[in-house]
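Chains X and Y are the protein sequences, given in the same order.
Position one of the first sequence corresponds to residue 1 (my numbering), numbered consecutively onward.
Position one of the second sequence corresponds to residue 1 (my numbering), numbered consecutively onward.
These are computed hints drawn from the structure, not numbers from a lab.
Do not rely on the hints blindly, as some may be mistaken.
Given that identical chains are not distinguished, each listed pair holds provided it fits within a single copy or across any two copies.
Pairs of lysine to aspartate or glutamate, EDC-like flavour, derived with a Cα cap of 16 Å [stated by the list, open to error]:
1. Lys85 to Glu204
2. Lys85 to Glu197
3. Lys93 to Asp127
Number of protein chains: 2
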Amino acid sequence: MALKHIAESTVRRLSDYLRFLEELEAQGQQTVSSGELASLGGTTSAQVRKDLSFFGSFGKRGLGYTVTALSRSLRQILGLERTWKVAIIGGGKIGRALAQYHGFRERGFDVVAVYDIDPARIGVSLDGVVVRDQRDLDADLTTLAVDIVLLAVPAEAAQPLVDRVTSAGIRAILNFAPVPVQASSRVAIRSVNMALELEFLAYELVNRDA
Amino acid sequence: MALKHIAESTVRRLSDYLRFLEELEAQGQQTVSSGELASLGGTTSAQVRKDLSFFGSFGKRGLGYTVTALSRSLRQILGLERTWKVAIIGGGKIGRALAQYHGFRERGFDVVAVYDIDPARIGVSLDGVVVRDQRDLDADLTTLAVDIVLLAVPAEAAQPLVDRVTSAGIRAILNFAPVPVQASSRVAIRSVNMALELEFLAYELVNRDA
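Generate coordinates for the entire structure from the input sequences, incorporating the hints supplied.
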């Protein structure tokens, strides 16, 4: 199936809706209106209806959406009906925090391996995941059937590792290194640069009305 | 000064250009062409010229940009010529990793305090920054002249803390809690949701051509 041309902001809102639906499900609520979803997500009910319309017809006018059915559909749309295997490269502070972040497993992302080049870090257990020697990375990616690689390495190591893991067949990378990285259009790359987020806030503090 | 209507993507590219310029500066390079900046940043030289044109006239046709002058201008534009004081709320795994992340200080973001409500965490030193009792937060924000708050707390604690710190005068928040938060338009908020980034990758893995 070709990539649907859905804006990133839409996908993010779908993720938010799913979170709210899961909360409502836990509370035993059976139906929800677009207005209710909108107010939880800080958007409008027209936006909610538009977002959901990309993917088919949900809900009935005046009756709202069935909570369980809509959350099941969203999980399917977002690719969350299965577990994804995640490998983290880099066992420094960021890599360790990511390895121990419970929010991943809760959402179906299973950290199966952490890699480092530093002998002092190799062999250390992080919530049950032992840090492995980065020399084993290429073979492991296949053996462990890794779906997504998280890069938590210094800037200069990032692009060579992107090249290396994409050669090994990886098609999704979340980059925490403070540098933009590139790969072929067949590879999905997201970057999280925390210093850059702070710089954006600094920019707004300097340029916004007092 | 009113907020200039510069797209977020432009600000991000300016941050990237600045990084490259600083590398070139360290290597002793004196001038740089828009083409060279473009190839480092994975964009086009027309884009580089357009991005820089928002902020005035830099460089000379055929001669390129003076590395030191352009990087000084970009630091000024991005609000990086000064140090920003950062407080982290939440001394869990994410909060601790952020407190010990060296990338912040290098970019002029100085973590001056970390807060938690858990007595077992209060008093612990994180690279010289002692975790403080969250009851002292409101008074401290003023005393310590905090500019930016990083929220590394559970979902349900996020919005009440946003309300609390904005009441105390905070106008920039970086939210790591896995939930959208809201404040008045006078407050700049950025959110980093790592599970959401993974969900976006999962979405692309499911919907992209194989």
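Each hint tested on the structure:
In this assembly of identical chains, lysine 85 and glutamate 204 lie within 16 Å of each other by CA distance solely across copies; the values are 15 Å between and 37 Å within a copy. Only between protomers do lysine 85 and glutamate 197 lie at most 16 Å apart by alpha-carbon distance; the minimum there is 15 Å, versus 27 Å within a single protomer. For a Cα distance limit of 16 Å, the shortest separation of lysine 93 from aspartate 127 qualifies both inside one copy, at 14 Å, and across copies, at 12 Å.
Every hint from the earlier list agrees with this structure, and none is contradicted.
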